[in-house]
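Take the sequences, apply the hints, and build the full model.
Spelled out from the first residue to the last, the chains are:
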Amino acid sequence: MEQFRSNRDYTIIFIKAGLLFLLSTLLFGLLGALEYVIPGFLKDVFTFEKIRPLHVSSAIFWILTCAIGGVLFYVREEHNGIFKLPNFPKIIFFILAITFSSILVSYIFGIFGGREYWEFDPIFTIPISIGWGLFIYAFITNMKTLKNQPVYIWMWFTGAVFFLFTYLESNSWILPQIRNNLVKDMTIQWKSYGSLVGAWNQLIYGTSIYLMDKIAGDKKYSFSKIAFALYFLGVFNLMFNWGHHVYLLPTHAYVKHIGYLVSMTELVLFGRIIYLWRSSLSTAKRNFHIVPFKFLFAADVWVFLTLALAILMSIPVLNLYMHGTHIIVGHTMGATIGINTMLLLAFAYDIIGFRKNDSKKIYYGYWTINLSLIIFWISLIVAGVMKAYYQFNMPEMSYGVMINQLWPWFLLFLTSGICMIIGFVLVIFPLFKNKN
Amino acid sequence: MGTYRSKIVILILLIISFVTYSILLYESDSKQSAPPNKLAQKGRVLWQEKNCTACHQLYGLGGHLGPDLTNVYERRSEDYIKSILHTGTVVMPDFKLNEQEIEEFVEFFKYINSTGNADPKSYKKHLDGTISQ
Ligand code: HEM
Numbered sequence: 001m002e003q004f005r006s007n008r009d010y011t012i013i014f015i016k017a018g019l020l021f022l023l024s025t026l027l028f029g030l031l032g033a034l035e036y037v038i039p040g041f042l043k044d045v046f047t048f049e050k051i052r053p054l055h056v057s058s059a060i061f062w063i064l065t066c067a068i069g070g071v072l073f074y075v076r077e078e079h080n081g082i083f084k085l086p087n088f089p090k091i092i093f094f095i096l097a098i099t100f101s102s103i104l105v106s107y108i109f110g111i112f113g114g115r116e117y118w119e120f121d122p123i124f125t126i127p128i129s130i131g132w133g134l135f136i137y138a139f140i141t142n143m144k145t146l147k148n149q150p151v152y153i154w155m156w157f158t159g160a161v162f163f164l165f166t167y168l169e170s171n172s173w174i175l176p177q178i179r180n181n182l183v184k185d186m187t188i189q190w191k192s193y194g195s196l197v198g199a200w201n202q203l204i205y206g207t208s209i210y211l212m213d214k215i216a217g218d219k220k221y222s223f224s225k226i227a228f229a230l231y232f233l234g235v236f237n238l239m240f241n242w243g244h245h246v247y248l249l250p251t252h253a254y255v256k257h258i259g260y261l262v263s264m265t266e267l268v269l270f271g272r273i274i275y276l277w278r279s280s281l282s283t284a285k286r287n288f289h290i291v292p293f294k295f296l297f298a299a300d301v302w303v304f305l306t307l308a309l310a311i312l313m314s315i316p317v318l319n320l321y322m323h324g325t326h327i328i329v330g331h332t333m334g335a336t337i338g339i340n341t342m343l344l345l346a347f348a349y350d351i352i353g354f355r356k357n358d359s360k361k362i363y364y365g366y367w368t369i370n371l372s373l374i375i376f377w378i379s380l381i382v383a384g385v386m387k388a389y390y391q392f393n394m395p396e397m398s399y400g401v402m403i404n405q406l407w408p409w410f411l412l413f414l415t416s417g418i419c420m421i422i423g424f425v426l427v428i429f430p431l432f433k434n435k436n
Numbered sequence: 001m002g003t004y005r006s007k008i009v010i011l012i013l014l015i016i017s018f019v020t021y022s023i024l025l026y027e028s029d030s031k032q033s034a035p036p037n038k039l040a041q042k043g044r045v046l047w048q049e050k051n052c053t054a055c056h057q058l059y060g061l062g063g064h065l066g067p068d069l070t071n072v073y074e075r076r077s078e079d080y081i082k083s084i085l086h087t088g089t090v091v092m093p094d095f096k097l098n099e100q101e102i103e104e105f106v107e108f109f110k111y112i113n114s115t116g117n118a119d120p121k122s123y124k125k126h127l128d129g130t131i132s133q
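Those protein sequence lines, which keep their order, are chains A and B.
Mind the numbering: the first sequence is residues 1 to 436 in our numbering, read in order.
Mind the numbering: the second sequence is residues 1 to 133 in our numbering, read in order.
Just so you know, these hints were derived from the structure itself, not from any lab.
Misleading hints may appear alongside valid ones.
To be verified - Here are the computed lysine-lysine pairs in the BS3-like style, where the Cα-Cα straight-line distance is at most 25 Å:
id	chain 1	residue 1	chain 2	residue 2
1	B	Lys7	A	Lys220
2	B	Lys96	A	Lys43
3	B	Lys7	A	Lys219
Keep in mind that this is a model prediction, so the values were computed, not measured.
Next comes the structure, spelled out in structure tokens:
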């Protein structure tokens, strides 16, 4: 095992590179929040149209890089340290790391493709697809079959394949037939985004189930009927629930109805969490001293909060009020920080490990992140509720005046964001130290 | 759900429904009163090249530092739009656009406005939780 933990292990390098993207996410998040609080801040040097993509793309690159590193590492661990195509992690790493870094540089020079989330020039789609294609190929070569496999292998497989498909689909605006019909274009754009997020969640949730099994010391859950039932529910939602993004778009009514109905199936997950909370809590008490478990547990709490908000947002009447407000920002960051980032940090701590004398730092960092995230999340939700109120009840209010009214909540957003960054720094740096 | 066969069948059925749904969406055209003219098409490309979406939304989707612009063409006069594009505002940068580019943006806003109404107040609410315009 030891030889795989040497400096040349590209699965670990994947995770460390991911952590660098996380640091970049935090830096540009901070600058973005400053532009919220100090109108016109850095306007002439480094404007929001550069900062937002730098922040959001860094976040996505952190998620993707660390998710791939985790899957590759655990696939090898599952095969007792043997990885067929041993050079592939290195090749995939170089393709993706160079592409992702070039994208960030291209933003600094003001080169954009200008689509939400994938704001880079579509030329970068070529290396991303090649890198991802190799990842799928390496995964399939190592797994061979789905027969008699635990649920997380199914999830990794689905996540990897669907990601590539939906990512390519999100580029369909390049075709003039699609681009020249705004409503159709936006429908397909949000169809692909909905599925894309579902796809990376399959990768990450799959890994979290693997890790939970590892901590529990048995794989009963991964082969259980309930695990597969929830997996299929997840895939079903990945494919069909995206309609809730486009309730206000004048697209086909059936898209919205399907989105609404399918989203409501998530109530099953919500009910299950409530039903199981007692036993979840006792598992938590037993394992809370294990660092990766701590992060898994935080993610569970955030799944609960995020799911509650997501289900409310999927009801069209409520979505009508929340749409286009900071409630959406709160939801997106709540999910990408509270769920994705917490899970990825659990993998990072399991894979890389840490020095004993860093335990205190990790402990304080962990609590700082989670407590500030709650305030961060609430401040965005309150700002969003106020914006919704003004939009419906004071339509004559000018945009500038309205934003002024929200200012105290943006200040709270910035302040809690700064605390969260401090928490992250405490948690990230122990992962870069040499363990010996 | 227990056997491998039943799992694969469920997965394949899901994939087939997904592919069918996708093809249906690609094939069916969303109605629009008129396709964008050449100027509006250029404005569209410019909208993406300048990444206006980092601050602005269309149909409520986009960044959140600036207002939704779906119906700005109806809400504001052309002169107002042009002057904002010329100078920027406290928050919005001056993109140093030339006259041609400003015309393209105005045409683009005119086109978007023709595709529908994004004002949440224009929706009727129904008891089953759905909405309609
Ligand atoms: C792990 C850490 C973080 C992740 C993964 C993350 C992720 C994201 C994502 C995905 C969005 C897009 C939201 C949307 O489209 O609705 C976003 C937006 C944003 N984030 Fe973060 N974020 C992180 C931390 C922070 C921090 C610490 C701050 C501030 C101190 C911050 C400030 C912002 C701002 C200002 C926006 C733009 C909101 C807008 O106008 O649309 N983020 N973030």
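Each hint tested on the structure:
1. B:Lys7 with A:Lys220: It holds: about 18 Å lies between the C-alpha atoms, which stays within 25 Å.
2. B:Lys96 with A:Lys43: Answer holds: Lys96 of chain B to Lys43 of chain A is near 14 Å, not above 25 Å.
3. B:Lys7 with A:Lys219: Holds - the C-alpha atoms of Lys219 of chain A and Lys7 of chain B are around 18 Å apart, at most 25 Å.
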